[in-house]
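Chain A is already provided as a structure; the job is to place chain B on it using the hints.
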Amino acid sequence: MALLEVNNLSKFFGGLKAVSAVSFDVPQGNIKAIIGPNGAGKTTLFNLIAGSIRPDCGSVRFKNSSIFGLPPYRIAQRGILRTFQNIKLFPNLSVLENVMAGMHVKGRAGLAAGMLRLPQARAEEAFISEKAHEMLAFFNIGELAKRNAAHLSFGQQRAVEFARALASGPALLLLDEPAAGLNTQETAQLASQIAHIRGKGVTILIVEHDMSLIMDISDEIVVVSSGQKIAEGKPSDIQRNADVVRVYLGEE
Amino acid sequence: MKRYISILSLAAVVAVIQLGSTLCGREYYLTQLTMAAYYSLVAVGLCMLMGYAGQISLGHAAFFAIGGYTTAVLTTMNLQAHTSSRIVSLLVQCGLAKPGTDLYGVAQLSLSPWIALGGAGIITVVIAIIIGIPVLKLKGHYLAMATLGFGIIVYRITLGTGLFGQADGISGVPQFTIVPGIAIGGGFANKVINYYIAWVMVICGMLLLLNLIDSRVGRALKSIHGSEEAASAIGIHIPRYKLMVFIISALFASLAGVCLTHYNGGIGPSEAGVMKSVRYVAIVAVGGMANLWGTLIMSVLLNYLSLRGYFGSYDDAVFGAILIGIMLFAPDGIIKTIRTKVEARVKVKVRE
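In order, the protein sequence lines correspond to chains A and B. Numbered per full-length UniProt numbering, the first sequence spans residues 1 to 252. Numbered per full-length UniProt numbering, the second sequence spans residues 1 to 352.
No lab work stands behind these hints: they were computed from the structure. Bear in mind that the values here come from a model prediction, so they are computed numbers and not experimental data.
Only pairs whose alpha carbons sit at most 25 angstroms apart, straight line, appear in this in silico SDA-like list of lysine to any residue:
{"id": "1", "chain 1": "B", "residue 1": "Lys341", "chain 2": "A", "residue 2": "Leu152"}
{"id": "2", "chain 1": "B", "residue 1": "Lys347", "chain 2": "B", "residue 2": "Ile334"}
{"id": "3", "chain 1": "A", "residue 1": "Lys106", "chain 2": "B", "residue 2": "His237"}
{"id": "4", "chain 1": "B", "residue 1": "Lys137", "chain 2": "A", "residue 2": "Ser52"}
{"id": "5", "chain 1": "A", "residue 1": "Lys146", "chain 2": "B", "residue 2": "Leu208"}
{"id": "6", "chain 1": "A", "residue 1": "Lys88", "chain 2": "B", "residue 2": "Ile238"}
{"id": "7", "chain 1": "B", "residue 1": "Lys137", "chain 2": "A", "residue 2": "Phe68"}
Not the full set, but computed from the structure, chain A residues with beta-carbon under 10 angstroms of chain B:
{"id": "8", "residue": "Tyr73"}
{"id": "9", "residue": "Lys88"}
{"id": "10", "residue": "Asn92"}
{"id": "11", "residue": "Ala109"}
{"id": "12", "residue": "Gly114"}
Here are the simulated distance ranges between beta carbons:
{"id": "13", "chain 1": "A", "residue 1": "Asp219", "chain 2": "B", "residue 2": "Arg351", "range": "51 to 57 angstroms"}
{"id": "14", "chain 1": "A", "residue 1": "Arg74", "chain 2": "B", "residue 2": "Val126", "range": "23 to 29 angstroms"}
{"id": "15", "chain 1": "B", "residue 1": "Arg3", "chain 2": "A", "residue 2": "Lys17", "range": "53 to 59 angstroms"}
{"id": "16", "chain 1": "A", "residue 1": "Phe12", "chain 2": "B", "residue 2": "Val126", "range": "38 to 44 angstroms"}
{"id": "17", "chain 1": "B", "residue 1": "Phe329", "chain 2": "A", "residue 2": "Arg122", "range": "36 to 42 angstroms"}
{"id": "18", "chain 1": "B", "residue 1": "Pro239", "chain 2": "A", "residue 2": "Ala188", "range": "39 to 45 angstroms"}
{"id": "19", "chain 1": "A", "residue 1": "Ala150", "chain 2": "B", "residue 2": "Phe188", "range": "48 to 54 angstroms"}
Even for Gly, the Cβ is constructed at its ideal location relative to N, Cα and C.
Only chain B is shown next, with the shape it has when bound in the complex:
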């Protein structure tokens, strides 16, 4: 029951912020809050992997990029030249490829974002399995280094491959129409709808993860974090569960990548960058590691401030500094540390 109260409160806060910003005529704030919501989807997925299952990933931006680039490539690909092909005509018949025109009025036949979403999901799972099976045998620093290596490879691929637009990235990604009238993207006019789409996804994601934590599988993951030796001694097949949580968190990142790419109308290589991965790790750490709510709150706050440009050109430096500060002064995360301090104060007062 408690979990539903928290989720409902989150939904209420989301609605209040939208109403408030509309009433005050400041709807432009919603743009950054929408983007922050998608980045938070990555963060809470990583929180599950790091905080609960105890496996670090310094390459999570790669999964975001895999989702984003997959959908960008598939939905901007022009199938006009292949209309005679059976597969393409079948796709058109099923409504999974739609004719249109690009910016210059050239006829365009592009794949439906639904196909791209499915494709992104499959590619993400396949890559997560290929990377996860060998890499998750490693522990601690070694796992961190291996995932970092994976992140760097994906970053350099996006930067160096023509298909991915090299340093320019891919632009002109169409909006993602979920049902007629509700679409991810579509510019400033659509911002309220986009804000709600993003937050509904975050709320659903949180609900799924909160449920997971209290389930049999979640307990197995937390046991692995607690003691691998004891976990296998009670019959838990560790590699299987590690891979499972790795895939789940990769899918969260990939889904966020797909959505944000449609929202922004494009994606660039910086989304795959190592600094992005470090940023996600910093957010989970500052949120308190095994703390989904802490991670969500800190993620929205920090991403929002960063996207509004409060950190200026020191953006990445701020996240680096946060990481150092947290490790030194508040390894349990900022929220828990403050709460413990306040509780200690209150106790002293009560005694007096």
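Just chain A, same shape as in the assembly:
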């Protein structure tokens, strides 16, 4: 059974079919990619899974239970974490606090426990802080812990966002066009980061524009065009698929 199962998922904006009856699976431990030309509906599809847009019909199942129509925070609580195309850190927090915030769903300390600094709240804080440091070390940005998140280079910001998304130990990571705006060298670095994350046993679903990155890292690719799935398969198959070449690769 796949970790994430998407079945006949659809979303209409007025009369426009943004996503129309799309189905695919994301098997445990895989890197699955969604690609498609501009306006193909891949970002909408991504947002439907992440919960920031409510689907109209179809089904989305995660670990064999429905997450259809749940709000983003509930989806995050289930163990699906996401990153943003234009990296969204908390600029008012330090790098460490950003990652600690990422462990929100792992904590239990409530308002009173926090205001009174009760022993269990302090123990929990110590634990969360230690885990966050480990996460920063995993991405080789341990020395940035105390820096303000607003004052980082683009590459560092992305590493912090990865660390924040992974801090709670999600089963599935959704990446929204992570290579947008990167040069070739930075894209190569990103590819190794993603491989590094997969090494932790995290399943990854990635929406991306950059073909070379996708062909490089993904196990399977879903191609969407005009809101519909037109192909699905291994990178080598996709490269040879006539429909895909026509709507997408042909343009490049």
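Coordinates of chain B only, in the frame set by chain A:
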């Protein structure tokens, strides 16, 4: 550890000021410092809401008034006519209603301020929830306007309702005996004790809020301020946390209202006025928004100057001018701006 050093320093400063004013025979200064302490309780609560969680309230004076008027109504109500009622006799038996006489020697049976305090707390939470749930869905200007509307409604209610004494407000509010010998109010003779009661409350309030900022819930609040989209993507239920901080800051304001009403022996509608709300916002802004200590320091300073009458009839104008000045020249608050400038100077000197 650092937080406790700051808190202990504050306690030391509070004690030094009292000793100094007593030694110099100027204890009357303590009256304004007591009042400034209670107003500061409102300001630091609002600082949590505005500075840390990023939600503005232009109606916070309303919560102060809700606390103040609740206790004023409940503790001045005469239950003498209802002594036969079971509830009233039960209250008397539990010591929660006390017989006495009013100014004209008429027998009076009034509720204990403890009941009033509890009542004020419950009413504040209920109103904060009723207002907060719909209003906190709004952002930015819209939230500011909605809370302003709430403030205006409460102001007009206090001004127009007989129960609240209309334009005269409510006077003759008894002192609030916390333990025998220690009471909020009780006139000039009690001023040193009152000064310490008020400042102990501020110190406790600061401690609770400073702890909150560094806790899991505090981090969630700051995340919401940073990016609502990212906060919900890491599993934070935003409406719940916004409501939580709104209630906390409303309770701070309400508690201040209860205490100051007992201290002054009454409350009037001006406490609920829109200008009061604007004043609290100006204080948080001048303190540096996400800066509890800055807010506390500026609040004590400005409230003290205002209460001593240094701003004369331009009192409200001064706070309006502060708001404009801060937004234009020092959006990070006065203390941080000065510190940055000084640090830059020092750096230049070091290089030379």
